[in-house]
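S.K.: Sequence:
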Amino acid sequence: MEVRVHATGYISSSFLHGRGTDYGNRVGPHTLGTMHIHHIHYKVDLDVDGQLNSLESQDMEYEFVKDPWSAQNTIERPHLRRERLEREDEAAFPLNVPLPRYLSFVSPNPNRWGHPRSYRIQVISFAGKHLPTNSSMERSVSWGRYQLAVTRRKEEEPTSTSVYNQNDPWTPTVAFADFINNETITNQVSWASWGGEKLNPVGSEPLLLSQSQPEQLLGWQSPAQPE
1 MEVRVHATGY ISSSFLHGRG TDYGNRVGPH TLGTMHIHHI HYKVDLDVDG
51 QLNSLESQDM EYEFVKDPWS AQNTIERPHL RRERLEREDE AAFPLNVPLP
101 RYLSFVSPNP NRWGHPRSYR IQVISFAGKH LPTNSSMERS VSWGRYQLAV
151 TRRKEEEPTS TSVYNQNDPW TPTVAFADFI NNETITNQVS WASWGGEKLN
201 PVGSEPLLLS QSQPEQLLGW QSPAQPE
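Residue numbers (my numbering): 1 to 227.
It should be emphasised that the hints constitute simulated quantities derived from the structure, not laboratory data.
For every residue, glycine included, the Cβ atom is placed at its ideal position computed from N, Cα and C.
Derived DEER-like restraints, expressed as beta-carbon distance ranges:
1. Lys66 x Lys129: 44 to 52 Å
2. Glu156 x Pro29: 47 to 55 Å
3. Arg19 x Trp170: 24 to 32 Å
4. Asn167 x Asp59: 38 to 46 Å
Model the full assembly from the supplied sequences, consistent with the hints where possible.
M.R.: Laid out in structure tokens, this is it:
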């Protein structure tokens, strides 16, 4: 299952004057193609074979073992480390911090091979730089701190922001950072960021260069049915 966003249409532009090229590229005699950011926050509420799902990470590590053919030497053998992430603070991944190699929503019900049935979530694109957290406006877009965050599902937390935040970003109606308070995350919902900085080069006017960014949910251990 893939969600793909395309940014199309006319470029974001303004009248060129003064130090305008500090904020974009000149694309015409009196036109500035302005630098800007597209940023979208997805809510992914996925139930895998029931609602009592949890979050599991899988990563590769090396273990030292004796070489069976050369007892005086050791070798590094790759092995799979699985970990259940039990609380919201463990499952909030800031921008520009490496994600675990695999992150999956897992069911307590195993397939016939003993693996929990699961879907992997793969975050492929996100904006490169967020507002500084000491900014007086940052709480209104605090969801942008994270490339992926998993929280306990609550009816009183239906969205990560509010249309009113743009009118008064200094006292936001909804602050996503408040959702992450280290609760347990069985029956969870994930929030994934998509974004990209846009800087229009000369020759792109009047249309925006097409930009496509995907997010994916991949069946991970689902084909083998329970016994």
